[in-house]
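K.L.:
Chain by chain, the residues run as shown.
Protein chains: 2
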Amino acid sequence: MTQTEIAIKMVLDRWNGSILNLNKHLNELSDEQLQKEIAPGKNRGIYLLGHLIAVHDDMLILLGMGDKLFPELNEPFIKQADKVATQIPSPAAIRKMWAKQNDVLQEKFAKVTVAEWFSKHTAVSDEDFSKEPHRNKLNIIITRTSHLQYHSGQIVLLKK
Amino acid sequence: MTQTEIAIKMVLDRWNGSILNLNKHLNELSDEQLQKEIAPGKNRGIYLLGHLIAVHDDMLILLGMGDKLFPELNEPFIKQADKVATQIPSPAAIRKMWAKQNDVLQEKFAKVTVAEWFSKHTAVSDEDFSKEPHRNKLNIIITRTSHLQYHSGQIVLLKK
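Chains as they are written, first to last, in my numbering: chain A, 1 to 160; chain B, 161 to 320.
Please keep in mind that the hints were generated in silico from the structure rather than gathered at the bench. Some hints here could point you the wrong way.
Quick list of simulated restraints, FRET-style, between CB atoms [as the list claims (entries may be wrong)]:
hint: 1; chain 1: B; residue 1: F289; chain 2: A; residue 2: E75; range: 46 to 54 angstroms
hint: 2; chain 1: A; residue 1: D67; chain 2: B; residue 2: D227; range: 30 to 38 angstroms
hint: 3; chain 1: B; residue 1: K271; chain 2: A; residue 2: T86; range: 49 to 57 angstroms
hint: 4; chain 1: B; residue 1: A259; chain 2: A; residue 2: G64; range: 18 to 26 angstroms
hint: 5; chain 1: A; residue 1: D128; chain 2: B; residue 2: A245; range: 43 to 51 angstroms
hint: 6; chain 1: B; residue 1: N187; chain 2: A; residue 2: S119; range: 46 to 54 angstroms
hint: 7; chain 1: A; residue 1: T86; chain 2: B; residue 2: D227; range: 39 to 47 angstroms
hint: 8; chain 1: A; residue 1: D103; chain 2: B; residue 2: S190; range: 39 to 47 angstroms
hint: 9; chain 1: B; residue 1: K271; chain 2: A; residue 2: K79; range: 31 to 39 angstroms
hint: 10; chain 1: B; residue 1: F289; chain 2: A; residue 2: E28; range: 43 to 51 angstroms
hint: 11; chain 1: B; residue 1: E292; chain 2: A; residue 2: N21; range: 15 to 23 angstroms
hint: 12; chain 1: A; residue 1: I78; chain 2: B; residue 2: E292; range: 32 to 40 angstroms
Quick reminder that beta carbons are idealized off the backbone N, C-alpha and C, glycines included.
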């Protein structure tokens, strides 16, 4: 394994480990618990999970991997704050989307080559990328893993 | 810049960005707010910040960068749960340790070479490392950034 391959493995391992860690917590939370606020006056668990799906869906676009799976989640879970949308999917439906999305992302990530991981993501111009080569696809995984961990630390608070 | 250098830059940028992000929140929190629980019955902000310092201090050992700066924090902030220790440092003292530690870590990280980042950390044997080359020093930064983000998502809940 080259150093570059090792670096990619470490980043993907951390992504996958973060997904598994949150799944473990989600499996221990009831649908009723997911509907609760993580702290008084703060976001509900269900909102945070919908938010994660919507943000991860956008990764498909940034990584040039095709269309979003659930574009309808952008409005209620990214554009709008929690409790603004009058109707959002049920906890059961959100859990199903989350599981489906994780399968799709895992399958797509496994096929990416070293050269592709270090190629530019779709939101940066050729010109900017030539000056800032770290704005590549692998960096999308790094930053979204941070985001996932941030909200995982909040969702876990719903546990008794 | 080689792909390996780019990978190291991305990992360190994410670490530094995570520290800056938490600092921004800490600056907006009063000492009184830091003493509060992040959610009813959960850890206090001050405990989480002490915990982060203690965990980051252990990185110095794992990275072979010398002694811990604040070894006295291991007992109350890692071994013990919140509210077990009868006496812990004041919020002002903890903030000062946090700032000092960030300076020290940043200075030390900046001097590490590519080869060193991909060399084994101190808690893995030569034999295991030969089979699992991802158990290197750079991976310590990756996993601790995850941990930092996880607790940052909790500390931010103390904001009004």
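K.L.:
Under the constraints set out in the numbered hints, which ones does this structure not fulfil?
P.N.:
Numbers 2, 4, 6, 7, 9 and 10, in rising order.
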